[in-house]
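Trainee: Below, each chain spelled out in residue letters.
2 protein chains.
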Amino acid sequence: MHKPVLIETSARHIHVTREDLDTLFGEGYRLTPKRDLSQPGQFSCEERVAVVGPSGSFPGVTILGPERPQSQVELSLSDARKIGMHVPVRESGDIAGSPGCRLVGPKGEVTLAEGVIAAKRHIHMTPADAKNYGLRDKQVVQVRYDGEGRALVFGDVVVRVREDFFLAMHIDTDESNAGRVANGASGEILAEC
Amino acid sequence: MHKPVLIETSARHIHVTREDLDTLFGEGYRLTPKRDLSQPGQFSCEERVAVVGPSGSFPGVTILGPERPQSQVELSLSDARKIGMHVPVRESGDIAGSPGCRLVGPKGEVTLAEGVIAAKRHIHMTPADAKNYGLRDKQVVQVRYDGEGRALVFGDVVVRVREDFFLAMHIDTDESNAGRVANGASGEILAEC
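The listed protein sequences correspond, in order, to chains V and A. Residue numbers for the first sequence follow our numbering, so the first one is 52 and each next one is one higher. Residue numbers for the second sequence follow our numbering, so the first one is 52 and each next one is one higher.
Next comes chain V alone, as it looks inside the complex (with noise of 0.2 Å):
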């Protein structure tokens, strides 16, 4: 059976407490919404964080709302590596024992003693999707993608399912690059790994 999935690139981007948007564009702030995303609810935003590393920073890094329980910045391993850190591979709001780093807004600054990581790549769908598919929340699979020149076959991509999801794959820079993978393009999922 043919399983396609559009495949999406996520750039460098932060995810930010209610109290840390506080400290960073002032009491009460509200965030700014740019350009939805293709999972329901979220968003881009217009406002910029300084993301500062043991030897370099990234000035206007993109907030992506609405805010979340414990903030994150999210970075490829080239951007980690190009301000100094090594960050691990994680799903998204597994940051224990991961490294910290300051934040900067124009109001003020915070030190996060944890929540920088490399996003894991993954699958979201529903469960009409997952039932339609065979598969289920959690499965780790392959996709396979034939970038010019630079066909991939991912694996360790895991799959979540939940009713508010839109069927994508999230993948980062450096994984975007690696496979020449083109804005919109859809993958295969292979199979359980």
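Certain hints may be false.
Identical chains share a label here; the pair holds if one copy fits it or two copies do between them.
[As the list claims (entries may be wrong)] Once the Cα atoms are required to be at most 25 Å apart in a straight line, the calculated DSS-like pairs of lysine-lysine come out as: (1) 133 x 171; (2) 85 x 54; (3) 85 x 133; (4) 171 x 189; (5) 171 x 158; (6) 85 x 182; (7) 54 x 182; (8) 189 x 85; (9) 189 x 133; (10) 158 x 189; (11) 182 x 133; (12) 54 x 189.
Just so you know, the hints here were simulated from the structure itself, not pulled from any lab data. The structure displayed is predicted, hence computed values, not measured ones.
Given chain V, work out where chain A should sit, using these hints.
Mentor: Leaving out everything else, chain A in the frame of chain V:
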């Protein structure tokens, strides 16, 4: 049969002609070898040049010696994007129709009409290695590498056979990070694809 191959990551670098070296560093300048590379006769140099693209530059890009018949700039696709370039994925030396850029050295500048590429992943091996592995020059194979949380199968890997080659696969920094490839890591050649 088990077909292991050392995986080496190439960061951005340039190769220069004798003529361009004269322009960049002065007439008759001799490159200063810094470190021998795995391929016999190839070496990284102390000398650095700036690679200038339409919307950015890299100030200190390593030269790999010895001189070559054509100057060539090898960037990752992340690098290329950063300086505003769209470059093809090509085998080394196959630069026809690729974009150019400006190179700036301590004594002068060179404007390349073409020569900026992302390297196509490839494996160097001797005829004896090829015979041992049942492979041939220009064959396209897959290589599996199980990086921590980022297992990958690289497709479109070109086998290059020459008497003076050393058995090693070369990938760029995007590819290395996409697979969390460790220094000194070994991949497994799977099959023709």
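Trainee: Each of the hints needs a verdict: does it hold here or not?
Mentor: Against the structure, the hints come out as follows:
1. Taking the shortest alpha-carbon separations for residue 133 and residue 171, both the intra-copy value of 19 Å and the inter-copy value of 23 Å come in at or below 25 Å.
2. In this homomeric assembly, residue 85 and residue 54 never come within 25 Å of each other (Cα to Cα): the closest approach is 32 Å inside a single copy and 50 Å across copies.
3. Taking the shortest Cα distances, residue 85 and residue 133 sit within 25 Å of each other only across copies (23 Å), while inside one copy they are farther apart (27 Å).
4. For the homomeric pair residue 171 and residue 189, the shortest alpha-carbon distance inside one copy (12 Å) is at most 25 Å, but the shortest distance between copies (34 Å) is not.
5. When the C-alpha separation of residue 171 and residue 158 is checked against a cutoff of 25 Å, the pair qualifies neither within a copy, at 32 Å, nor between copies, at 46 Å.
6. In the homo-oligomer, the alpha carbons of residue 85 and residue 182 never lie at most 25 Å apart, since the shortest distance is 34 Å inside one protomer and 57 Å across protomers.
7. Proximity of residue 54 to residue 182 under the C-alpha cut-off of 25 Å is restricted to the intra-copy arrangement: shortest distance 12 Å within a copy versus 38 Å between copies.
8. For the homomeric pair residue 189 and residue 85, neither the shortest alpha-carbon distance inside one copy (31 Å) nor that between copies (48 Å) is at most 25 Å.
9. In this homomeric assembly, residue 189 and residue 133 never come within 25 Å of each other (Cα to Cα): the closest approach is 31 Å inside a single copy and 35 Å across copies.
10. Taking the closest pair of Cα atoms, residue 158 and residue 189 never come within 25 Å of each other, the shortest separation being 39 Å inside a single copy and 58 Å across copies.
11. When the C-alpha separation of residue 182 and residue 133 is checked against a cutoff of 25 Å, the pair qualifies neither within a copy, at 41 Å, nor between copies, at 41 Å.
12. In this homomeric assembly, residue 54 and residue 189 come within 25 Å of each other (Cα to Cα) only inside a single copy, at 17 Å, whereas the closest approach across copies is 32 Å.
Figure legend: structure checked against the earlier numbered hints; hints not met, in rising order: 2, 5, 6, 8, 9, 10, 11.
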